[in-house]
Amino acid sequence: MSPTDSSAAAPAPALLTVRGLQKSFGSNQVLKSVDLTVARGQVLALIGPSGSGKTTVLRCLNGLEIADGGTIEIVGAEDATHAPVVIDFAPAHGKRAGVPKKALGTLRDRSAMVFQHYNLFPHKTVLENVMEGPVVVQRRPRAEVEAEALQLLDRVGLGDKRDSYPFELSGGQQQRVGIVRALALRPTLLLFDEPTSALDPELVGDVLRLIKELAGEGWTMVIVTHELEFAREVATEVAFVDGGTIVEHGDPKELLRNPQHERTRQFLHRLLFPF
Amino acid sequence: MSDTTWQLMLDSLWPMLSGAIMGTIPLALASFAIGLVLALVLALMRLSRRRWLSSIARVYISIVRGTPLLVQLFVIFYGLPPLGIVIDPWPSAILAFSINVGGYAAEVIRAAILSVPKGQWEAAYMIGMSHQRSLTRIILPQAARVSVPPLSNTFISLVKDTSLASLILVTELFRVAQEIAAFSREFMALYLEAALIYWVICLVLSSGQSVLEKRLDRYVAH
Chain E
1 MSPTDSSAAA PAPALLTVRG LQKSFGSNQV LKSVDLTVAR GQVLALIGPS
51 GSGKTTVLRC LNGLEIADGG TIEIVGAEDA THAPVVIDFA PAHGKRAGVP
101 KKALGTLRDR SAMVFQHYNL FPHKTVLENV MEGPVVVQRR PRAEVEAEAL
151 QLLDRVGLGD KRDSYPFELS GGQQQRVGIV RALALRPTLL LFDEPTSALD
201 PELVGDVLRL IKELAGEGWT MVIVTHELEF AREVATEVAF VDGGTIVEHG
251 DPKELLRNPQ HERTRQFLHR LLFPF
Chain Z
1001 MSDTTWQLML DSLWPMLSGA IMGTIPLALA SFAIGLVLAL VLALMRLSRR
1051 RWLSSIARVY ISIVRGTPLL VQLFVIFYGL PPLGIVIDPW PSAILAFSIN
1101 VGGYAAEVIR AAILSVPKGQ WEAAYMIGMS HQRSLTRIIL PQAARVSVPP
1151 LSNTFISLVK DTSLASLILV TELFRVAQEI AAFSREFMAL YLEAALIYWV
1201 ICLVLSSGQS VLEKRLDRYV AH
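Protein sequence lines, in the order shown, are assigned to chains E and Z.
Quick note on numbering: the first sequence equals residues 1 to 275 in my numbering.
Quick note on numbering: the second sequence equals residues 1001 to 1222 in my numbering.
These aren't lab readings, by the way, just hints derived from the structure by calculation.
Treat the hints loosely; a few may be bogus.
Said to hold, decoys possible - Only part of the chain E face toward chain Z is listed, based on derived beta-carbon distances under 10 Å:
id, residue
1, S33
2, V75
3, G105
4, R108
5, Q116
6, L185
Unchecked claim - Simulated pairs of lysine-lysine, DSS-like, Cα-Cα distance not exceeding 27 Å:
id, chain 1, residue 1, chain 2, residue 2
7, E, K161, E, K124
8, Z, K1118, E, K161
9, Z, K1118, E, K102
10, Z, K1160, E, K161
11, Z, K1118, E, K32
12, Z, K1160, E, K124
13, E, K212, E, K161
14, E, K124, Z, K1214
15, E, K253, E, K212
16, Z, K1214, E, K101
17, Z, K1214, Z, K1118
What the hints assert, rightly or not - Covered by chain Z, per the in silico footprint, the following chain E stretches (three or more residues, Cβ under 8 Å):
id, region
18, 52-66
19, 134-140
20, 217-231
Quick reminder that beta carbons are idealized off the backbone N, C-alpha and C, glycines included.
Excised from the complex, chain E in its bound form:
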């Protein structure tokens, strides 16, 4: 995340660079100033107490919230047509600046989000949920998208559910469809917003295993999570967010075992010893 981290090896090119990100809701400043960098193929886990701003960071990365200040730079796929795009949220002339729609569109095109509550489209089948973005928005050929969608569904063990409606699926199955829907968009960055917190405990494993597999395949991800074990095992970097800033970040095993800041220590302690 910081330049010094990569001093040992050749620095991996940053896929995502966030600088000085700010966001307020009314008078409540949720993000004070957030800086982070994610290299291609890295998995960044954001942990922190509720209300710390970690979900807001994620939502800013997908353009679901429009930041009030700071910049987000995101690189496209590894070909020349996908040059890096920098989106500057700095307010112009004291007024709320209109962030260019095109830049915001690029941000959404390049990232895909998996929601805490899945947010599948209830009036569409599993297959339609997955194909909606690629076919309707990206205008890719239907046959090609369908083949790819079915392959992805097979992969997560839901090939036989292609014609089911979301309400016919368990939470774990819905979330796997949510992940497939995100993958089918062919994003360069995958965002997960507490992907297992709405699940029954016995269904959490399947979803975490799938995310771990994706990490192993080299997907670049930012994950907001409360699953510390999962963060330790899957993330390449953990950042502790509190009070709208990143308090500390670093190697997951190191940070979780030996946090440097008092606030991090308290947070980890509360998670490990809830009562």
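Starting from the known structure of chain E, fit chain Z onto it as the hints suggest.
For chain Z alone, kept in the frame of chain E given last:
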């Protein structure tokens, strides 16, 4: 009741039914169709971030809901001709009922759109949809299911309200009943018969509502 009363009711059945088929039902259908389109536009205006758009819709809805339908009908049919605008009975009736349905259904549709969880908008934006496309492909289909019961209510009310059109010379079910009653003096029998026919129409509509609700059931988040 005497045999002659029964005979009169039997003889009046067909004229009244044809009044329903030629008058009441087409009047209700046409007004409802036009009213729904108007209502959708008004609902979207109400939800618009542009203040002036939502204000116009708000005032419209307030006037329509705050004044009697009969007054609206009379303003159009009797109030406009002195101003040089003469509209025939049928178009006047359709105009008045459409305007009225538009006002009531707008609030139903607005509430239905607002009832769709915010996460549905977010998922639509996430896959790259514009606001308008999110609305038409993701939000409105779900809002449609939610609005079936209250809109059925609106429609059933409308079917009965079309009887007011008899007061501006439209030949529909109730006007036929009034005409036969006026010369036969059998008010109770004929008005009860008219009431019965309205009731049967509404029963049919109610069962249509259940069928529609079942068919659209999958459109609701469970």
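A quick look at each hint next to the structure:
| no. | hint | in the structure |
| --- | --- | --- |
| 1 | S33 | 25 Å, violated |
| 2 | V75 | 18 Å, violated |
| 3 | G105 | 7 Å, holds |
| 4 | R108 | 5 Å, holds |
| 5 | Q116 | 9 Å, holds |
| 6 | L185 | 6 Å, holds |
| 7 | K161(E) x K124(E) | 12 Å, holds |
| 8 | K1118(Z) x K161(E) | 26 Å, holds |
| 9 | K1118(Z) x K102(E) | 23 Å, holds |
| 10 | K1160(Z) x K161(E) | 46 Å, violated |
| 11 | K1118(Z) x K32(E) | 26 Å, holds |
| 12 | K1160(Z) x K124(E) | 37 Å, violated |
| 13 | K212(E) x K161(E) | 23 Å, holds |
| 14 | K124(E) x K1214(Z) | 16 Å, holds |
| 15 | K253(E) x K212(E) | 16 Å, holds |
| 16 | K1214(Z) x K101(E) | 40 Å, violated |
| 17 | K1214(Z) x K1118(Z) | 24 Å, holds |
| 18 | 52-66 | holds (count 3) |
| 19 | 134-140 | holds (count 3) |
| 20 | 217-231 | violated (count 0) |
Against the hints set out earlier in the document, violations occur for numbers 1, 2, 10, 12, 16, 20.
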